[in-house]
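Peer 1: Model the placement of chain B on the given structure of chain A, informed by the hints.
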Amino acid sequence: MATQPLRAARPRPSLRVITGRRERRALLPAAVVLVLAVFGVAALQAYVGQEGLRMARLERQVEQAEERNALLRRKAAERSSPERVAEAAAEAGLVPATNPTFLPVSGAPVTRDADPGRALDTKRLLARTP
Amino acid sequence: MTPAIPRRRARVVLGAVLLSFLALSFRLVNVQASRADEFADLARRQRFRTIELPAIRGAIYDRDGRDLAVSIPARTIYGNPKEVTDPAATARALSPVIGVSAGSLERTLRKDRGFVYLARRVEVDVAARVAELDLVGISVLDEAKRANPGGVLAANVLGFTGTDGEGLGGLEFAYERLLRGTPGERILEQDPLGRRIPQGMFEEQPPEPGSDLVLTIDRDLQHAAEVALSEAVESSQAKGGSVVVADPVTGDVLAMATSPTFDPNDISDLDLTTTRNRPVTDTYEPGSVSKLVTAAAALGTGTVTPDTSVLITRAIRVGGKDFTDAHFVQESSIPFSEVISQSSNVGTIRVAMMTGAEPVRSYMERFGYGRPTALGFPGETSGALPSTTRWSTSLPTMAIGQGLSTTLLQLVRAYGIVANDGVMVEPRLVRGWVGPSGELRPTRPARGERVIDAATAEQLRAILHRVTEDGTGTAAVIDGYAVAGKTGTAQKPAPSGGYQGHMASFLGMVPADAPRFVIGVVLDEPTPIWSSIVAAPVFREVGQAALRIDRVPPAATTTRASDEETLALSTGVDQSPDGLG
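As given, the protein sequences belong to chains A and B, one line each in that order.
One point on numbering: in our numbering, the residue at position 111 of the first sequence is 111, and numbering is uninterrupted.
One point on numbering: in our numbering, the residue at position 306 of the second sequence is 1306, and numbering is uninterrupted.
One or more hints might be untrue.
[Claimed, not checked] When the alpha-carbon atoms are kept at most 25 Å apart in a straight line, the in silico DMTMM-like pairs for lysine to aspartate or glutamate are as follows:
1. B:Lys1239 - A:Glu83
2. B:Lys1239 - B:Asp1263
3. B:Lys1492 - B:Glu1449
4. A:Lys75 - B:Asp1266
5. B:Lys1492 - B:Glu1234
6. B:Lys1145 - A:Glu59
7. A:Lys75 - B:Glu1525
8. A:Lys75 - B:Asp1064
9. B:Lys1082 - A:Glu78
10. B:Lys1082 - A:Glu59
11. A:Lys75 - B:Asp1263
12. B:Lys1145 - B:Asp1125
13. B:Lys1145 - A:Glu83
14. A:Lys75 - B:Glu1166
15. A:Lys75 - A:Glu51
16. B:Lys1145 - B:Asp1064
17. B:Lys1145 - A:Glu91
If you are wondering where the hints come from, they were derived from the structure by calculation, not from laboratory data.
So that you can see chain B by itself, here it is in the shape it has in the complex:
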C-alpha cells in the first residue's frame, strides 16, 4: 500500500468537506441574510395562527328598548371533500340533521376542492348534532346570524341582512357602518397538529361591537298597525297597503306598516317586491286627502273663511274639461267647511281658482310636496309637484289631489303641520344609538318650521273634525275621542297613460283638540274602492290601539275628572265627546 492513495483520498474528502461547507455557507447566507424575511414569515405562518374575531352586529331596539333585531351565535357546517372518504354515506348521515337533500350534499362533497360550505349559519344545537356524528372531513365554524324575534314585525322598516351578515335593506342597510362594528383578531402559537401551545405566544385584539340603534317605533303599536292593515288588505282584496303613525310634536314615527311583507328570518326564497317600505318608497296621487292643503292655502291667504258660502254645481268646466261631484245632485251654496267635509271637487276647485294657482302651489311646496323627508331611508322618493300653470287643467286637477304624487309619509308630515298648530316637524325613525360606553346618544331633534299660523291650523282641525262627524269619514270615529281626518279615493295612474284602479286613503289625527297621533292609511286597489268604507276603519282601529297604548284618557273622562261623584264616565257611540266644530 503506497501513501499516495490515502493522500488522494484525503484530498477528495477534504474537497468534499470544503464543498459541503461552501454549500452550507451559501445556504446559510441565503437563509439567514438574503431570504431571511421570507423564511421568518413562513415560520411565523406555520407556528402562529391568526383568527379573525367577528364583531357582534349592534342590536336594533324599539323606543322602549325592546329587541327588534339582534345578533345570535350560529354555526356554519363545512367540509373538506379531499378528506371525505365516503361522500354518499356522509351525505346520508348529514342530510336529516342540516335539512339539505342528500343528493345535493353528495354532489357538493364530490367536488375537487379543499373547502365547501354545506350549511351556513345554522342553529347551535344543529351544529352540536353534526359534531356528534363525528364525520371525517366535516367541520363546524363559529359565526353569528341576525334574528328578528318579532318575525315580520316592522320587517320593511328594519330591512334584512345577507349571508355574510351585511345590511342589504331598510335600516340594516342605511345604518350599516354604525351597526357592523370592527372585527378583532387573535394570534396564537400552535403545534404541528394545530393545537394551541399553552405557554406559547398569545395576542388578542378584541372586536369592537357595533352600536345599538334605538328607533322611535313602538313595538306594540307597530303590531296593532300591521294586524289592522293586513286584515283590511285581506278583506278588501287590495294589492297592498301602508299605515304610518307619527307623533306630530316630535316627528317620531311610532309605527310604519306595509302589506304585503316578508320574514327577515327566512330570506332564502325572498320576493324583493315585498321588501319595499311602501310608505317611503311608493308614491301615488293622493286625491281628496290633499284637499287639506288647498284649504290651508284658501284660509291662509284669507280667500275664504270656514263659513264662506261656496256655490256647488253638478260640474265645473275648466280648460275644456268637466270636473264633477257625483254625490251633489242639486245646485246649492254650502259653507267652505262643508265643501271639505263633504269632499266636494267642484267646491274645492272653485275655491282654489279664487285663491290662485301660485299661492296654491306655494302652499303645496310649504307642506312638503315634491320634497323627501329628512328620514334618510334607502329608496325614499320625493314625489312630484308639477307647475300649476303647465296646463289649463293643472290647478283644478292638483287642487283635488290628482296630477301630483306623494308618499304616505309626506302626507303624514303635511297633516302633522295641522296637528302641531302650524309647525312642520320632520319625521324621524331613529331616536339615537348606544355606543360601547352604554350611553344613549340621541339623534339631533328635528327643528320645527312654521308653515301656517296656529289659528289657521285650528280652523283646519275643526273642518277635519266635521269630516268624521257628519262628512265622509264617520267610520273613523273612535268612541270617547274627537277625531279629525279626511278621506281620499284617488284614481291610480296606469303605466300606459290615463288612469286605472283606485287608491283609498285616510289621513287624520286624534284627539282632534290636542293631537297626539297623526295616522295615515292607504290601500292599493281595494274592493270597494271607497276610502270611507275601507281606509277609515283601519284608522279607527290603529287610533284606538295608539290611544290605549299611550294611555290617553277619553275626552269626557278628562273634563269630569274633578267631579267628586265620578271617577270615570261611560262613553259610547251615542255620547259625543267634547271636541271641535
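In isolation and in its complexed conformation, chain A is listed as follows:
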C-alpha cells in the first residue's frame, strides 16, 4: 500500500466579522454624491427654468421694441409726407414760390457752373433699405 506523505497543514486565513458600521461608512460618500447630484440637477433645472423665463421676457421686449420701431417709423413717414409738410408750412404762413426770380449778381465771380440737375441717387436708396 503506497503511502503519501502528509502535507503540512496550511494556516487558515484569519476570519473576521464585518460590522454594519463599516458598511454604512462606505455607503456614505455615495449617498452624499447622490444627494448632491439630485440637488444639483434640481438647481440646474430651476436655473434653466429661470433663464427660460428671462429669455421669454427678453423675446417679448424685442417684439415690443420692434413694434415701437415700426410705429415710430410710420409716424415719421406721416410727419414728413408732402401733404403734412405743406400743411405745416401753410400754418407757419409760408406760400408756394410760384414765380421764382433769378437775380443778377454784379461783379461776383462765377464759382461753379449751373447745377445740371439731380442725378438719381441710388446709393441713398440702398443705404436706407435694410
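Peer 2: For chain B alone, coordinates are given in the frame of chain A:
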C-alpha cells in the same frame, strides 16, 4: 365555515382579476399598438401649441426710398361669447374704446359661438386700453396692418389691401406674391393652463418677410401733380382727371395722379369707382393731341416739311361729311407747322389724305396705339385702333384723334418718342425690389425701339414748341424754360352712341430742346371745355414742380453760366428763353 366558500370567492376574484388584466391588455394593445398614432397625435395637440408667425408684408418705397406703404403692428379684439357673463355690460365698457356701437357689440356677444371678432386691426394703444379693462371673455390677438403714411398720396397706383392683408388693387395686387412673404411657425410645449413650459420643447421657423418694392414714383412730384389736378378738377367742376409725368429717356413714371381718389387707410366705406388708376385703365378719344402722330406720319414719309404750305378752308368734305375749323374764318395757306400749332382740323385732314390711310395707321401703330404698355398694371386697357379704311370718314376722323381710343399713359408713351429723339421706351413703375439680402434688384431696363428718326423728332418738337409760343397752348408756358406741347379738346363718346361731353387734354414736354419730362393731363368734362384754358395750366404747374424738384436750371441761366458778370439771370414772362422754332 366550509373551505368551499373561500375557494369560490378566490375563483371569482381570480376571474375578475384575469378579466381586468384581459381588459387592460386589450386596452394596452389598443392604445399602444392599433391607435398609437392617433393618441400620440392627441397628446401632441394637448401639449404642443403651434403658433403661426405672420410674415411682414414688404414695404413700398418711392424712387428715393421714402415710405409709401408700410406694414405696422396692430391688434384684433375678439371675444368668446360662452365665457362672457354679462354681454350688455361688456359691450358698454368696450364700445367707447374700440369705436363700435354698444348695441352691435352686444348682439355679437350674444351669439352662440366660441369665437367672434369685435374689432379687426385696431391700433396697439386701443388694444392696450381694452386689456386694461380686464373683461372676462375678451382677448387680444397680434396682427399687422397696412398703412399708407401719405394718406391719399399715389393711392390709385399703390392700390389697397383687404382685411386679411392681401393685395386687392393696384400694385399691392399686382405684386402680391413678392410683397406677402412666407409665414413661419413656432411650436412650444404648454401646461394645462396654456402657459409655455420654459424647459419644454421650443421650435421656431421664422417667417420670411416679403420683399420691398421700389417704385419710379417721386413722392414730392406725385404730391405736386395730385394737388394741381385736384385743384383743376374742382375749379372746372370736371368729373375727374389724370396726370402722368414720365422720364422719356428711362421710361420711369415719376408721377401718376388720379382724381377723384380714395384713402387706402380707410376702406370701410369704399367707392370702388374712385380706386381706378385712370391713366392706365380708362380710354378716351384723344382728339387734337393725336395730331402729333399724324404730323409724324406726314413728316416721316416726306409728304410735307414744316414749311410746306397747306390750304385751310372753313370746311373740308370727306365721305359726305364736313369737317370744320371753328377758329379759321377765311381761306388761307399756312405752313404745316402752323397747321399743328393752331390745331387746324381741315389742314391736318388735308395732310393726312396726302400721306395716305395706310401710312397714317402704320404710324399710329408704331406710336403704340391699340397696344397696352409694358407696365403690367392690373386692369390696363389697350385702347382701340380701328382700320383707317373701314369707313370713308375713318381716315379724317382718326387723323384728328377721334374714332380711336387711347389711355393717357399710351399718349405719354407716344409723346415720349418725340422727346427721346424718336426712340420709344416703355414706361415702368417699378425700379426694382429689395429682398432679404437687402440688395436692390433692379427691374430689367426697358429697351428702346426706334420709331422715327431723330431729325423728324426734332422737327416735331419745334412744331410743338410753336404751340406754346403762339398757338393754342400758351397757358402751358413755364417762365425760363422752352415748352413743347399740344392741346386737345375731344368729344366724348356717349354710351348710347354719338358724342356727349368733352375731354380736355394737354400733352407736352419740358425743356423742349432736351426734354427731361413728358407730362400728360386730361380732364373729364370740365367747364369750360377748352384744354387751352383748363388742361394747359395744370401742365404748367406740374412742369414747374418737376423742374424745381429735379433742379433743372432755366435755359437762360445755363447759357450764361460762364459769364463772369452773372451768376444767374432774371427770367420772366417778357424774357423768352432760348428754345426751338
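Peer 1: Against each hint, give a clear statement of whether it holds in the structure.
Peer 2: Each hint tested on the structure:
A distance of roughly 23 Å separates the Cα atoms of B:Lys1239 and A:Glu83; the hinted pair therefore holds under the 25 Å criterion. As the CA atoms of B:Lys1239 and B:Asp1263 are separated by approximately 18 Å, the hinted pair is consistent with the 25 Å bound. Proximity of B:Lys1492 to B:Glu1449 is assessed by CA-CA distance (about 32 Å); at most 25 Å being required, the pair is judged violated. Of the pairs offered as hints, the one joining A:Lys75 and B:Asp1266 holds, with about 17 Å between alpha carbons and a cut-off of 25 Å not exceeded.
Between B:Lys1492 and B:Glu1234 the CA atoms are separated by roughly 20 Å; this keeps the pair inside 25 Å, and the hint holds. The straight-line distance between the Cα atoms of B:Lys1145 and A:Glu59 is roughly 22 Å, inside the 25 Å bound, and the hint therefore holds. For the hint linking A:Lys75 to B:Glu1525, the alpha-carbon distance of about 39 Å lies beyond 25 Å, and the restraint is violated. Straight-line distance between C-alpha atoms of A:Lys75 and B:Asp1064 comes to about 18 Å, which keeps the hinted pair within the 25 Å bound.
At most 25 Å may separate the alpha-carbon atoms for a hinted pair to count; B:Lys1082 and A:Glu78 exceed this at roughly 41 Å. Only pairs whose Cα atoms come within 25 Å are accepted, and B:Lys1082 paired with A:Glu59 is rejected, the gap being roughly 32 Å. Of the supplied pair hints, the one linking A:Lys75 and B:Asp1263 holds, its CA atoms being roughly 17 Å apart against a limit of 25 Å. With a C-alpha separation of about 14 Å, the suggested pairing of B:Lys1145 with B:Asp1125 holds against the 25 Å cut-off.
For the given pair, B:Lys1145 sits about 22 Å from A:Glu83 by alpha-carbon distance, which is consistent with the 25 Å threshold. This hinted pair checks out: A:Lys75 and B:Glu1166 have alpha carbons roughly 23 Å apart, not beyond 25 Å. A hinted pair counts as satisfied when its Cα atoms are at most 25 Å apart, and A:Lys75 with A:Glu51 does not qualify at roughly 35 Å. This hinted pair checks out: B:Lys1145 and B:Asp1064 have alpha carbons roughly 24 Å apart, not beyond 25 Å.
Our distance criterion of 25 Å between C-alpha atoms is broken by B:Lys1145 and A:Glu91, whose separation comes to about 31 Å.
In this structure, the hints that do not hold are numbers 3, 7, 9, 10, 15, 17, in rising order.
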